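> Protein chains in written order, with our numbering: chain R, 1 to 510; chain Y, 1 to 198.
Please note that the accuracy of each hint is not assured.
So the derived list for chain R, only partly shown, Cβ under 7 angstroms to chain Y, looks like this [said to hold, decoys possible]:
#1 L32
#2 A165
#3 L177
#4 L220
#5 A286
#6 L397
#7 Y404
#8 I406
#9 N408
Derived by calculation from the structure, the hints in this document are not laboratory data. Just so it is clear, the structure is predicted and the values come from calculations on it, not from any experiment. C-beta atoms are modelled at their ideal positions from N, C-alpha and C, and glycine is treated no differently.
Residue strings, one per chain:
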Amino acid sequence: MDFLNPVINGFAVVLEPSNLLYCLIGVVIGMLIGVLPGLGPAATIAILLPLTYNVEPVTAIIMLAGIFYGAQYGGTITSVLLRLPGEASSVVTVFDGYQMAKQGKAGTALGLASIGSFIGGTASIVGLTFLAPVVASFALDFGPAEYSALALLGILLVATISNGAKTKALIAAAVGLLLATVGRDIFTGESRFTFGNLELADGIDFVPIAMGIFGLGEILYNLEERHRAAKAPSKVTNVWPSRTDLTQASGAIARGSVLGFFLGILPGGGATIASMASYAMEKKRAKQPERFGKGAPEGVAGPETANNAAATSSFIPLLTLGIPANATMALMFGALLIQGVTPGPQLVEQDPGLFWGVVNSMYIGNILLLIMSLPLVGIFVKILRVRAAILAPVTALITLLGAYTINNSMFDVTLVVVFGIVGYLMKKFGFEPGPLVLAFVLGSLLESSLRRSLLVFGGDPTGFFTRPISATLLIVFVLVAVLPGIRTLLAKRTTAPSEQPITTKIKEKV
Amino acid sequence: MIQVSSSPSVPAGGGSRPAAPSGGNAPQAPGDDVLEDLTPEQLAAQWEEEKPPAAGALANAASSLVVLGVGTGALVLSVAMGLGTPAAPEPGLWPFMISCVMVVLGLFQLTVGRHNRDAEKFTRMSSAPLTGLVTLAAMVALMPAIGFELPALVLCIIWMRFLGGETWRSTLLVSAIVVAAFYGIFVLALNTSIPHLF
Chain R
1 MDFLNPVING FAVVLEPSNL LYCLIGVVIG MLIGVLPGLG PAATIAILLP
51 LTYNVEPVTA IIMLAGIFYG AQYGGTITSV LLRLPGEASS VVTVFDGYQM
101 AKQGKAGTAL GLASIGSFIG GTASIVGLTF LAPVVASFAL DFGPAEYSAL
151 ALLGILLVAT ISNGAKTKAL IAAAVGLLLA TVGRDIFTGE SRFTFGNLEL
201 ADGIDFVPIA MGIFGLGEIL YNLEERHRAA KAPSKVTNVW PSRTDLTQAS
251 GAIARGSVLG FFLGILPGGG ATIASMASYA MEKKRAKQPE RFGKGAPEGV
301 AGPETANNAA ATSSFIPLLT LGIPANATMA LMFGALLIQG VTPGPQLVEQ
351 DPGLFWGVVN SMYIGNILLL IMSLPLVGIF VKILRVRAAI LAPVTALITL
401 LGAYTINNSM FDVTLVVVFG IVGYLMKKFG FEPGPLVLAF VLGSLLESSL
451 RRSLLVFGGD PTGFFTRPIS ATLLIVFVLV AVLPGIRTLL AKRTTAPSEQ
501 PITTKIKEKV
Chain Y
1 MIQVSSSPSV PAGGGSRPAA PSGGNAPQAP GDDVLEDLTP EQLAAQWEEE
51 KPPAAGALAN AASSLVVLGV GTGALVLSVA MGLGTPAAPE PGLWPFMISC
101 VMVVLGLFQL TVGRHNRDAE KFTRMSSAPL TGLVTLAAMV ALMPAIGFEL
151 PALVLCIIWM RFLGGETWRS TLLVSAIVVA AFYGIFVLAL NTSIPHLF
């Protein structure tokens, strides 16, 4: 039972009052931004990064994680009631959720989604509990060569699986890597790309980049985005689904949990892809697929379960390998680095309190969210009355003033505005901001492990292929680089043609 | 009347009921009922239509040229820093590798990706982010001199009234509350050193 000791100690960490409080704050914020169309979880986490400076690392990550999975719950509410997906990961919920609401079963849809989310999330935490230590112990032998290959593969996967144009996503990643080189060279101490500016001598901080590109860029972009006017939602009653509804949806929930768990681990995967895959799978499996789009409970339960399971399991690569699987995880990575914690295989051993504290906080968070989305759902429906016209300047001010408090310097605020412009223009010109931030976070790790391994190999790049793991990873890297052509062919054959327009139009809200 | 508030889809109006009477919600209401019975495919097509118009080949070429420019610049600077050999790399080697990749990708994008439809056109609506940006820049410039309160108040008023189409009454009321709340949080409660006037 030695294995379970740190797990149980993790609960002691979660149950500290301050951690419980931050968990609650996190999930409430997550729910709120999930309900409000506009800002997504990544933008919110980026904007709130300065908040985490003065708290313990475990507390900070508990809160940020709460925002992330809380948003998966909240996004459902607007999808069902208003046909406006609050988050990209709830887009497919609109199809059957809104129809159910029209048939007077809004409560049932929301109830099924919450119960599914809860089960998916919880199943995923259990999976995480058992899988993460295994992956971490496997990765303990990784040397610089393996890390270079892994980081390269991670960046490539996130760039190629993102929704936008692949070349543009790769360009964004290259810019991120280049930005990471600004400042002092870790090996020779020479200044790079600082142009004599003393403020840049230590490199660009992660927080202004994240706050600018994700936060301010998103706020500016939303200023011009056309939004459909929302009608005040009808009152939601009877959120407890009946026994028949539950039986009908139980298969979808079970399949969604498994599907979401595995798609979440995959670099570049995540909640949005998991929800779409689950919807497609349920529709394919159904005996009467024509019910889908007309209020099929499985069409709500499956995707909502899957997106929550994926949100949870995407913590596995971050906490065990130190490789973030998507843009939001890149932010968590950055938040941990700020706190002086380097996520990686040694984390489970060296800092079990943090590792298990974060993992176990998700149980508490999911219970809190279940309470908030079943009995308290009416309160969150009321939040929809807050107008975006009022929220936009408030979030912009939080970003600017928050940026100032990082180092008490106006330079950081200026950087945030500059990167805000960059982020806005990137979105306008079709460049995904996610790969940039991810590559920036991994940039210094990639460079140092690449240079270290080249030293080990005596400058011979073929040395990477003499080690089995790095060789495998690099072969996968090459495969992924040439695979997109093959994959589009496969996708054309497997997905029903009707799914095509749906998948192409969903833009990842970061 | 301000041009943005007279348009039916108010910028930044996510989930909003346009407050201004000129908000033009009325013409949308009948259309909304017709749209009630859309299939997922029709709904997706409708969303597709509501997306901002795609920019043409010129915008794609321009962004590729910017990428090429940045890549070439970084390439030159990295060579100047010294490359060294793989066994004994100098500071410029890694940036050199990245900038090579960037230049190749930029060229690829310039030629092959010319006709991609993923860039968005700048429309009349784009004046909203531009205005927002100007107010943000002005706030950054003024904050060290006159504190954050007045610039923040002006920013709130511009964003709510002119970009968001709120009524004057709610704009002034909410702006004042927001600035007071920020003062309370950042100056009184957290005691940060944010430049402030009062």
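> Out of the numbered hints, which ones does the structure contradict?
Result: hints 1, 5 and 8 break, sorted rising.
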